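Protein chains in written order, with our numbering: chain C, 2 to 596; chain P, 2 to 295.
Keep in mind that the hints were calculated from the coordinates and are not lab data.
Note that the coordinates shown come from a computational prediction; the quantities given were computed from them, not determined experimentally.
Beta carbons are placed, not taken as given, at the ideal position from N, Cα and C, and that holds for glycine.
Any given hint might turn out to be false.
Ranges between beta-carbon positions, derived for each pair [said to hold, decoys possible]:
no., chain 1, residue 1, chain 2, residue 2, range
1, P, 214, C, 413, 43 to 51 Å
2, P, 10, C, 406, 13 to 21 Å
3, C, 576, P, 137, 50 to 58 Å
Capping the alpha-carbon separation at 25 Å, the derived lysine-lysine pairs in BS3-like fashion look like this [said to hold, decoys possible]:
no., chain 1, residue 1, chain 2, residue 2
4, P, 252, P, 205
5, C, 395, P, 280
6, P, 205, C, 434
7, C, 434, P, 280
8, C, 590, C, 7
9, C, 588, C, 543
10, P, 86, C, 434
11, C, 588, C, 7
Residue-level listing of the chains:
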Amino acid sequence: MPLPQKGSELRVKIGGAAGLGIKAAGQTLARAFVNAGLEVFDLTEYPSLIRGGHNTYTLRVSPRPISSHVETVDVLIAFDRQTVDKHLDEVIDGGAVIFDPEVTSTDGWLPSNRIRPVPVPLKKFAKEAGGPIMANTVALGAALGLVHFPLDTLAESIAAQFAHKAEEITEQNIAAATVGHGYVSKMAGDFWMKVEGLPDAPRRVLVDGNEAVGLGALAAGIGFYAAYPMTPASSLLHFMAAHERDAGVVVKHTEDELAAMNMVAGAAFTGARSMCATSGGGFALMTEAFGMAGVSESAVVVGVFTRPGPATGMPTWTEQSDLRYVIHAGQGEFPRVVLAPGDQTDAFDLSWKAFNLADQLQTPVIILGDSYLSDNRQSVPYFDLDAVMVDRGKLVAEGDVADHPDALGEDGDYLRYKVADDGVSLRVLPGVKGATQLINSYEHDEYGWGQNGEIAAERTAQNEKRMRKLQLARKLVPPPAVFGADVAEADVAVLFFGTTKGPVLEAMRWLEPDGVKVAAMQVVTVWPFPADDVREFLGAAKRTVIVEGNYTGQLQGLVREQCLVDVDDTLHRYDGRPFSPEMVYAKLKEVADNG
Amino acid sequence: MVKVADIERALEPTWCPGCGNHMMWKALKEVIEESGMGFEDYAMVWGIGCHGNGADFYRSQGFHGLHGRALPVATGIALSNPSLKVIVSMGDGDGYGIGGNHFIHSVRRNIDMMAIYHNNQIYGLTTGQASPTSDQFMQTPSTPGGVVEEPVNPVGVAIAQGATFVARGFAGDVDHLKSLYRQALDHHGFSLVDVYQPCVTWNKINTFKWFRDRVYKLEELDGYDPSDRTMAFETSMSTFHELTCAPDECKVPIGVFYREEETFTYQDGLPQLDRPMWKHAEEPRDISEILETY
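Please put together the full structure from these sequences, using the hints given.
So, in structure tokens, the structure goes:
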């Protein structure tokens, strides 16, 4: 197996029915490890159910940088028999299963000479500590006890988690964790795995992708956020709502997605930095107003966090199949920018940059993510807050429009849509004296008047003016990111966008000891497509592969269309699950070996 | 301060001769002049339809949005710049049909803005199909056998939904319409003015004459109390006129149906909206304290 050496990192999977607090427990554990200086990546898998069903939370912990989940686990915490049945194969030889013999039947899988059973009376201990609900906390303590990890960082993260509740709750949970830890420590003396903290490690941030996007938006000075809840974008609405008063943002949970997108356009008109976010299905409803944002030259940011479609699709799972959709959404033609973060650091950076691009180009900017980004947490370096800049483009927020004679027509009226070489007209905000501007969803003339938009020459001038923004965008947008070996030296070159980044980077690290040299390019800005960079990269490579989470090869199609080149091989996934580094490793190795 | 003539410096209206929109245009221009507002003090928002062509004829700062979506655009404006008075213009198909959902929710939100509906009970711009306020049994190109369903009762729906200012006007009485506009503009909260504005081209039944024979003013009605919600709702139900009704059998009330003097607006519930929200983006926001919790 192309895994990091056994014991060099810890992988824990917690499984059980929805409603047991599996994710919350897992995240408390993740927090404990990050506080101890370790790197973590977590993966939450759950069906679209509130109670019942089968949920898992998988945590990967390492002293070295990691960027994805993996397919195997060292320790399985089974809150029910179903967890054992579904996930025992994932436990590596010599791994352990923590379970409550009172709850999880042992027929058929115990004894196993392959895994180590760790029976713990979770429920009994929980009741003694204060209530059966704390069985998950007992299990966390037990897991730490098993890997010889001290309890104190877990106690700290429990205290942080329950800070807003009664002190008694914190005390009871710490007691529950303590008894689990003590019980297992005694019986686990000979367990091979030992996890140690890194006390001098730099401060890390533990966020999921939606939180990273939200933090970027806050830093950018967002003033208005509107959304209708839809998995996996809902948590961004919660994030924004939680900060509306302390940060100063108007947050509106709207009656539908159509309202959200239209409200955001209205707020952008007043100069508020405005954003909405949804999934592909919600974006389908927003598309009409998205086009309006294009023709009206509204500076809006739209988060599209996708899941498998079409229609309701698989609400809680992941896919990268809306790439073509967001690039083409809307009837007619208008310029847009689509940014695709690959991880939490990208998500923060691209989020604040998206607001600048929307203002500089006066056109909608999409942040394209997916469930793998939205739902999962990763420890990343403290965000670079010093790098955050506000660039509002050509904007006059206060004063008198008469001070800008270039923007005025013969009759002294303000030319909101004055034809400009770079496609961007001077924008003035409502409240600026003398500015009687008409923002229009109709085609229009330079003043915004719709009637004149039907004149052929006016239509041509406005259409060309808008489309010229794509040329400016090419100069402003983040370029592709490259990783690994120099492409000319590499055995294989891999091209990807979005969250395949993590599994690809992970697989590349695993290929190093095999002596396989890999060059990778992440298409960060997927629209306008960086055709020159991609063509050059692929042209210099010996063997080329595209990895993307969809059936039809949407990125590959773009490469063909935009670069007039094709790749040697592809790797696709469209079963709702994210790529694993194991899959990517196998494909890259195969391509390199056959090259 | 905006003068009527300032507004008129834009394009000349292209509405059909005799269209009710001309009178509504006149009434609103005059009320804006009388209000003493400057161009920088208010913003207008339009939906799509004949009324929406007015976006070209009112010289003002404004946003001509999509069919049925004027209210959410207006909401975005009102909830991001508290110093702007927002005036929304919609049609009946636009505002009660495709925008019906936004209508219901805007009413219950009580956002401080003024919503004017141009209600001609027909689709004008798309050549005469039935609208949500067309009378039952009316024959149109889209309902050759007659409209089957009941019309929307916008006044009744708004009152039932907790609206704080609901009025109905008639384009054939500009002075009365102006008084409604004035009160709506002054109202602290969401104000709805539904205006019967006969379509002279497509609606051959609900004509100016049809209305002139039937309208009466609520303020002239003995004992009418616009602060009595039940009375307002019951009065709104009496307006389900039918095409066949004779002038002495059905009367159409116009005026202020309902008004709540002291209201809690949506903006009142947003302490963070103490200034235009664009001011939050003058420089990067310091999020270091928030980031510490992650």
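So, going through the hints one by one against the coordinates:
Between residue 214/P and residue 413/C the CB atoms are about 47 Å apart, so this pair conforms to the stated range of 43 to 51 Å. With their beta carbons about 18 Å apart, residue 10/P and residue 406/C fall inside the hinted range of 13 to 21 Å. Separation of residue 576/C from residue 137/P is about 53 Å and conforms to the stated range, judged on CB atoms against 50 to 58 Å. With a C-alpha separation of about 19 Å, the suggested pair residue 252/P and residue 205/P falls inside the 25 Å cut-off, and the hint holds.
Taking the CA atoms of residue 395/C and residue 280/P, the gap is about 16 Å. The hint holds against a cut of 25 Å. The hinted pair formed by residue 205/P and residue 434/C fails the criterion: a straight-line CA distance of about 45 Å is larger than 25 Å. Taking the CA atoms of residue 434/C and residue 280/P, the gap is about 17 Å. The hint holds against a cut of 25 Å. Using a Cα cut-off of 25 Å, the hinted pair residue 590/C and residue 7/C holds, with the two alpha carbons roughly 21 Å apart.
For the given pair, residue 588/C sits about 15 Å from residue 543/C by alpha-carbon distance, which is consistent with the 25 Å threshold. Straight-line distance between C-alpha atoms of residue 86/P and residue 434/C comes to about 15 Å, which keeps the hinted pair within the 25 Å bound. Restraint check for residue 588/C and residue 7/C: the C-alpha separation of about 22 Å stays at or below 25 Å, so the hint holds.
Violation of the numbered hints given earlier is confined to hint 6; every other hint is satisfied by the structure.
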